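K.L.:
Sequence:
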Amino acid sequence: MGRSVSYPSEAYVAFSQWEAGWIEDDDDPDTRRFDQLAAQDDWDFIVEDFREQVLALYPSAWTANGWIGREERIVAMNRYARFGISEYCGCIAYWVVLRDDIDAGQEGLAQRWLDQIAGGFKKRFATLVRLGVFSNGEAIFERIAA
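Per the working numbering: the sequence shown = residues 844 to 989.
Source of the hints: derived by calculation from the structure; they are not laboratory data. Each hint should be verified, as a subset may be incorrect.
[Stated by the list, open to error] Pair by pair, the computed Cβ-Cβ distance ranges are:
#1 Phe888 <-> Glu950: 29 to 39 Å
#2 Arg973 <-> Ala899: 32 to 42 Å
#3 Arg955 <-> Asp884: 31 to 41 Å
#4 Glu862 <-> Gln949: 35 to 45 Å
#5 Thr906 <-> Glu981: 25 to 35 Å
#6 Gly975 <-> Ala947: 32 to 42 Å
Quantities reported herein were computed from a predicted structural model and do not represent experimental measurements. Glycine is no exception: its CB is placed at the ideal position from the N, C-alpha and C atoms.
Given the sequences, and given the hints that come with them, work out the whole structure.
P.N.:
Set out below in structure tokens:
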């Protein structure tokens, strides 16, 4: 069975593509090779850049480190939401999801805040649109025109 990039249920998600560690050959620009060290450096940069952008866009957010499950990495949060990132085979999911520890009286306000930022969040981070998912779990994406 196939699969795609993971993200929390109920999250607003912006999909993007990452050329994970592929480096052009100095002698032949048509030839590329995979470099694990470069891939890890690239990923660390992507995570930190996303965190910095979230903190700049949403002044109420602060740096956070944690996980939802085994694959969804939390990089920032505020009193309503968690911001995070996931990756699978070069497909990145930037996501924002309601916190699960919100006071009962604040849930409506938190959902409204999340609904208000969702469009701008996707516009800022998405370079791909998910068109659908096959029955085996593999997703189909289309690039957003620049």
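K.L.:
Which earlier hints turn out false for this structure, listed by number in ascending order?
P.N.:
Number 2 - this is the single hint that the structure violates.
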